[in-house]
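On the provided structure of chain S, position chain D as indicated by the hints.
As they're listed, the protein sequences go chains S and D. Each residue of the first sequence is one higher than the one before, counting from 1 in the numbering used here. Each residue of the second sequence is one higher than the one before, counting from 1 in the numbering used here.
Repeated chains share a single entry, so a pair holds when one copy, or any two copies, can fit it.
Mimicking DSSO-like on lysine-lysine, the simulated pairs with C-alpha atoms at most 30 Å apart in a straight line are:
| id | residue 1 | residue 2 |
| --- | --- | --- |
| 1 | 175 | 124 |
| 2 | 43 | 4 |
| 3 | 75 | 209 |
| 4 | 75 | 210 |
| 5 | 75 | 212 |
| 6 | 31 | 326 |
| 7 | 212 | 124 |
| 8 | 170 | 152 |
| 9 | 109 | 230 |
| 10 | 313 | 230 |
| 11 | 229 | 313 |
| 12 | 297 | 31 |
| 13 | 4 | 324 |
| 14 | 277 | 309 |
| 15 | 263 | 278 |
| 16 | 31 | 328 |
FYI, nobody ran anything at the bench for these hints, they're computed from the structure. These figures come from a predicted structure and were not determined experimentally.
There are 2 protein chains.
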Amino acid sequence: MHKKLFIPGPVEVRQDVLDKMATPMIGHRSKEASNLQRGISDKLRKVFHTKEEILLSTSSGTGLLEGAIRCSTVKRAAIFSVGAFGNRWHQIAEANNVPADLFEEEWGKGVDVDKIDKTLATGKYDVLCVTHNETSTGVMNPVEEIAEVLKKYPEVVWCVDTVSSMGGTKIEVDKLGMDICLTSTQKAIGLPPGMSICSFSEKAVERAKKVKFRGYYLDLLTLYNYIHKKDYQYPSTPSLSHMFALDYQLDRMLEEGLENRYKRHLDMAQYVREWAKKYFALYSDERYLSNTVTNLKNTRNIDIGELNKELGKRGFQISNGYGKLKGKAFRIAHMADFTLDDIKELLNNINDILRL
Amino acid sequence: MHKKLFIPGPVEVRQDVLDKMATPMIGHRSKEASNLQRGISDKLRKVFHTKEEILLSTSSGTGLLEGAIRCSTVKRAAIFSVGAFGNRWHQIAEANNVPADLFEEEWGKGVDVDKIDKTLATGKYDVLCVTHNETSTGVMNPVEEIAEVLKKYPEVVWCVDTVSSMGGTKIEVDKLGMDICLTSTQKAIGLPPGMSICSFSEKAVERAKKVKFRGYYLDLLTLYNYIHKKDYQYPSTPSLSHMFALDYQLDRMLEEGLENRYKRHLDMAQYVREWAKKYFALYSDERYLSNTVTNLKNTRNIDIGELNKELGKRGFQISNGYGKLKGKAFRIAHMADFTLDDIKELLNNINDILRL
Numbered sequence: 001m002h003k004k005l006f007i008p009g010p011v012e013v014r015q016d017v018l019d020k021m022a023t024p025m026i027g028h029r030s031k032e033a034s035n036l037q038r039g040i041s042d043k044l045r046k047v048f049h050t051k052e053e054i055l056l057s058t059s060s061g062t063g064l065l066e067g068a069i070r071c072s073t074v075k076r077a078a079i080f081s082v083g084a085f086g087n088r089w090h091q092i093a094e095a096n097n098v099p100a101d102l103f104e105e106e107w108g109k110g111v112d113v114d115k116i117d118k119t120l121a122t123g124k125y126d127v128l129c130v131t132h133n134e135t136s137t138g139v140m141n142p143v144e145e146i147a148e149v150l151k152k153y154p155e156v157v158w159c160v161d162t163v164s165s166m167g168g169t170k171i172e173v174d175k176l177g178m179d180i181c182l183t184s185t186q187k188a189i190g191l192p193p194g195m196s197i198c199s200f201s202e203k204a205v206e207r208a209k210k211v212k213f214r215g216y217y218l219d220l221l222t223l224y225n226y227i228h229k230k231d232y233q234y235p236s237t238p239s240l241s242h243m244f245a246l247d248y249q250l251d252r253m254l255e256e257g258l259e260n261r262y263k264r265h266l267d268m269a270q271y272v273r274e275w276a277k278k279y280f281a282l283y284s285d286e287r288y289l290s291n292t293v294t295n296l297k298n299t300r301n302i303d304i305g306e307l308n309k310e311l312g313k314r315g316f317q318i319s320n321g322y323g324k325l326k327g328k329a330f331r332i333a334h335m336a337d338f339t340l341d342d343i344k345e346l347l348n349n350i351n352d353i354l355r356l
Numbered sequence: 001m002h003k004k005l006f007i008p009g010p011v012e013v014r015q016d017v018l019d020k021m022a023t024p025m026i027g028h029r030s031k032e033a034s035n036l037q038r039g040i041s042d043k044l045r046k047v048f049h050t051k052e053e054i055l056l057s058t059s060s061g062t063g064l065l066e067g068a069i070r071c072s073t074v075k076r077a078a079i080f081s082v083g084a085f086g087n088r089w090h091q092i093a094e095a096n097n098v099p100a101d102l103f104e105e106e107w108g109k110g111v112d113v114d115k116i117d118k119t120l121a122t123g124k125y126d127v128l129c130v131t132h133n134e135t136s137t138g139v140m141n142p143v144e145e146i147a148e149v150l151k152k153y154p155e156v157v158w159c160v161d162t163v164s165s166m167g168g169t170k171i172e173v174d175k176l177g178m179d180i181c182l183t184s185t186q187k188a189i190g191l192p193p194g195m196s197i198c199s200f201s202e203k204a205v206e207r208a209k210k211v212k213f214r215g216y217y218l219d220l221l222t223l224y225n226y227i228h229k230k231d232y233q234y235p236s237t238p239s240l241s242h243m244f245a246l247d248y249q250l251d252r253m254l255e256e257g258l259e260n261r262y263k264r265h266l267d268m269a270q271y272v273r274e275w276a277k278k279y280f281a282l283y284s285d286e287r288y289l290s291n292t293v294t295n296l297k298n299t300r301n302i303d304i305g306e307l308n309k310e311l312g313k314r315g316f317q318i319s320n321g322y323g324k325l326k327g328k329a330f331r332i333a334h335m336a337d338f339t340l341d342d343i344k345e346l347l348n349n350i351n352d353i354l355r356l
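So that you can see chain S by itself, here it is in the shape it has in the complex (with noise of 0.2 Å):
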């Protein structure tokens, strides 16, 4: 049986979406791909909130972290983590020897802001990287306060993973300053994964010229290049598949319209909030909740195998904690294209499997 995913990604996708995954091939050297690529494109900007370029990627949004930490530092970036996926960027900084350090928040808490000022104010670093959405511990980062700190360092290339969050809740790129601000598709945008896509600002066009090794399949500027002078074809053969349903899920997302999707996942998301302190607690610092995950403590010491696998019986699948956090916290995502009655079925037969 189809178990409902209601995990951060994979997400659960819809049988229209779905259904263009499987559209005929064409060829990548086409009219007919640069027209759909340069659409894509185009709808993009819509959802970002920038009239920046707007860059795909056939690979997870980990791909895209390391392109962008690659073409972005000269001198050193400054990595702000609050989880898991924070300290990737740190991880994938060693593994390409690009010199980087990595400042550490308390899992459950959001970055601290004023330590990215002082930080910053060393003079040391030419890039901040920060995770708007932390998939491990379900805080969003308030990145419009990082955003009025950066005003004060504008040498400074600003690279965000908005990977759980970019088409769940509003993040103005253009407005906010982000010079390269990354997501892929299988997340609040509600496709399969397998591409990932980003913004690249000016300003990180011209950082990216002055670095001389940035790789070559995940290297932004590369891929910036190409499309300008190739009528948006990519280097490489992109996966087409994804394109097709990228372009249809556009479509509908802006007929949905923005505000209301935002305004959807937020209704979600403060749904779920309360049914969490009603029977649990919320793991994460409430002034920092995110809109499109929520991380629940364990405070009655259930047992989550157990529970997911009673809830797998009735079609539903919800996230263990994530690393270590496992067996003492859970996740229940709610973004893509579910709605507030999803997540009421879903929560109701939780309530029905632990009687509460």
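Same frame as chain S, now just chain D:
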């Protein structure tokens, strides 16, 4: 109107295979995902004729070229190129500061095996990179002869690009001693683009352990360690849609029988070659012709763009010459799930359009 793709990737994909791309999502940390991905690796071992490990990467073949050369080179890589995709190895090395030398052969020729021998005899190199099937020229390099030479150089890790040949012609990875043999899904395997595959020998594993900065997302050792720790789950969310379709298509390929599949490809190649010699000429050295794509010299000086436009109206598409060969040559791919009847239908239509 859909055009049947006789281009060297993306290839025409059967509707039943496309339909598998629309399979509903599963959690990528589930037992179901482990089983799916372990099963795919087992089946791919048969296609690769190897007992070594198989790795899947959500990227194009170029991504795995990068992963392969980065994780193999301690001293210096010798890159023997016979065309555009051979040169790509070198562009990738340069972009990553991987020490490498490029040895280029004239387009249309096969690799000079004696030169490989003399080059490796210098002792300067610990990696050899070769393209098995050069998509830009329609040359299939004599890997059996290279394998003989390599017996003298056990310290050399052999990386082979079989992007446009694996699954369409017999490549006995273990027998030939290939350490990293890589391909991607949108060529002779007959799937949409978006996933690449490689074998990874124990010798390559040991070499990779000696390379400090191998990168992260495309690093083969990272993938290798992770799938062994997590029962064939991957470190980042993979393209599950491709996994579903690949699993299905591998069953189809094994059901057809690999030897039958190779024979079918050879039959199609020989038919196209005979037609080419009758009406045009073969571009490449007849000793090294590809079994999956034929490059034809435009001896009649036809307008290839115009021919493709007319073919398009009839529901077919072929390829112009690659890069500097545009207008001077054109390419007909005969791979994946096409049959001799499909080839005959295409060539009859070309005859009709050109009044041959």
